[in-house]
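Asks: With chain A fixed as given, assemble chain B onto it according to the hints.
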Amino acid sequence: MSEHARPAPIAAPFWTPGVLVLTALMGIAAIFIAARFAGGLAAVTNLKQSHPWGLWIGIDVATGVALAAGGFTTAALAHIFGRHHYEAVTRPALLTAMLGYTFVSVGLFVDIGRSWAIWKPLVFWQPNSVLFEVAMCVVIYLHVLYIEFIPAAAERFGEKIKILGTLNRVLDKVMWVFIIAGVVLSCMHQSGLGSLMLIAPTKVHPLWYTPILPLLFLLSAIAVGYPMVVFETAIATTSLNLEDEMQILNPLTRVTVFLLGLYMAVKITDMAVRGTYSYLFDGSVQSRAFLTEMIAGVIVPWVMLLFPGVRRSRRWLFISCAMIVLGVALNRINVFLVSYSPPHATQSYFPSIGEIAVTAGLISGIIFFYRVAVTFLPVLSARPREVKP
Amino acid sequence: MQITRRSLFKIMGAAGGLSAIGSRAAAAENTSDDDYGCLADVGRCIGCRKCEMACSKVNALPPAQTSFEDMTVFDRNRRPDEAAFTVVNRYFSSRADERGQPVPAYIKVQCMHCLHPACASACITGALKKQENGAVTYNPSRCIGCRYCMIACPFQIPAYEFSDPLTPRVRKCTFCFENISKQGGLPGCAAICPVEALTFGTRSELLKIAHQRISEAPLEYVQKVYGEHEVGGTSWLYISKVPFEKLGLYPLPEKEIPHLTETIQHSIFAYMWAPITLFGILAGAMRFFNPQQMSGKPSQIQTEKEV
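Those protein sequence lines, which keep their order, are chains A and B. Each residue of the first sequence is one higher than the one before, counting from 58 in the working numbering. Each residue of the second sequence is one higher than the one before, counting from 46 in the working numbering.
One chain only, chain A, in its complex shape:
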């Protein structure tokens, strides 16, 4: 265990050109968000009566939740199954999840028509609604994530801010409850997101509409957890000029071969059982989107990861993990947007500049605050890279 350094704040200049770009993107998004609250959703989005959900639901919410799965998968591995080898990646994964869910909430706040009424599901319960279950889980899980992050904040500021230190000591005894609750809540709403579109059997394309969609969402969220950790750790260590953490990341991907393989097997079996392969090559937008999602996002990276050479190469490991991450993102976009074909629609939906700008701004926000957190809080364990002569 002593082979890794303790998590520590990063001693790197904050205002790099990359951070300035992020700030600019957030600024542009802020302008469009202001326009949305001044002129309504119609002023900024391409949403229409036939297509009430768009990019903000497909990416900011559905994809955001899926890609934040690294938080609970690494917590389960290191804290529940006691694989302390992975301890070093739990904090960055937890931070990503915390920021991811925070921005999921921001995205939802902007997207729902009556943002000021966002608290109402807490009072008016409707347990028939899948969305109600998802919302409750997300609200509770968001709090659990912040609680799980308290030790990191206390390590740095616990002396200065007395209440933080006290809170941390109290939590120490019961943290295991929150760790397990986080995993349970994640399993519930990751699968719940998959149940959402099951309410529209006549509108969702048969390639995606299956009663086991919740299971597929859960399996893909679990499968994408570690690749997402590899993906973001590689980006973070490269851009912050830190030592790469290949010795941790490499074994993570062996687990991924199994988890992604399981998702792939269940998904292909489901297609075979329902006979939906007949839609695979009909040349429609949906068939092409499904093939892209499955081949480039699941099958090819899975085959790549079978090779030890790929798993040992920093570059190829990054490429294969990025493909898995993008594959799951595409799956969520497909399920929520591409597959959705209402019977009386006269036009199809394509996101507006404003929707794209807000989504880009929210993603920038996640990266920006990740940068802030790793700069000031003990999150990353990687040591600065040796300066090469």
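Some hints here could point you the wrong way.
[Claimed, not checked] With a straight-line cut-off of 30 angstroms between C-alpha atoms, the simulated DSS-like cross-links for lysine-lysine are:
#1 A:Lys260 <-> B:Lys286
#2 B:Lys95 <-> A:Lys105
#3 A:Lys260 <-> B:Lys291
#4 A:Lys177 <-> B:Lys253
#5 B:Lys95 <-> B:Lys227
#6 A:Lys105 <-> B:Lys174
#7 A:Lys105 <-> B:Lys227
#8 B:Lys300 <-> A:Lys324
These aren't lab readings, by the way, just hints derived from the structure by calculation.
Replies: Structure of chain B alone, referenced to chain A:
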């Protein structure tokens, strides 16, 4: 204070949290054959648009862009939207009159007021509700604007006020809920229809009338009442001399739309058994694999000593 059996159940229901098992049964209880419905006879409709006008007036909708006497609107297919709860569309069937002219068929489109409404099942706060008299109504004071009802509706009916920045509403036919709640009250459209293409009554009566009409003219009418079985039954029923799919009334499954999601939700969350079991299994795993975590001594403290 006396706790009645009913209120005790309510308290228990609240304590049970997400596991409101009873609600599915309750939703089904809400519908009965005495619910009101409306029978639309497509064969009788002459496309006068009086129902559109009456609807606009009764529901105090924003003024229409063109007059209700303007028949050029039929040149394109319309959908109900945030400013019109009902529209009449014209279709030309393969039937021709004596002079060989194609016979138009006019069909009124509005909320079908499903017996098991997907919108109400989807609604996160219960803003949409199947009332005991058959109407599916919307309560804006509960709505958060998630628009999941629009995703859920198989008839693509709920419309949204996308241009309203702060208090947009879901807009759809109310079945003139307040009118029909009164003795002898009619929905605006059925009250004004000059050719009795729309018949208001209890659903069971209407089904009798519908079957009588189609069986009396078997060569003219399609031998089916649209809405009798579709998506578990709807309060609005259609009979027609033109195949329904040519009128935009597409084939739909007979199973109620929310069946699958409600079955999944209620089997997983009954008494919260699944989350509790998972919590137990994970706690057992943690106790076995990582006992220090449970005793409040996370492994990182050990690491500190080692380092």
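Asks: All hints are to be evaluated individually against the structure, with a verdict given for each.
Replies: Right, here's what the structure says about each hint:
no. : hint                  : in the structure
1   : A:Lys260 <-> B:Lys286 : holds (27 angstroms)
2   : B:Lys95 <-> A:Lys105  : holds (27 angstroms)
3   : A:Lys260 <-> B:Lys291 : holds (19 angstroms)
4   : A:Lys177 <-> B:Lys253 : violated (43 angstroms)
5   : B:Lys95 <-> B:Lys227  : holds (23 angstroms)
6   : A:Lys105 <-> B:Lys174 : holds (24 angstroms)
7   : A:Lys105 <-> B:Lys227 : violated (36 angstroms)
8   : B:Lys300 <-> A:Lys324 : holds (25 angstroms)
Checked against the numbered hints given earlier, this structure breaks hints 4 and 7; the rest are met.
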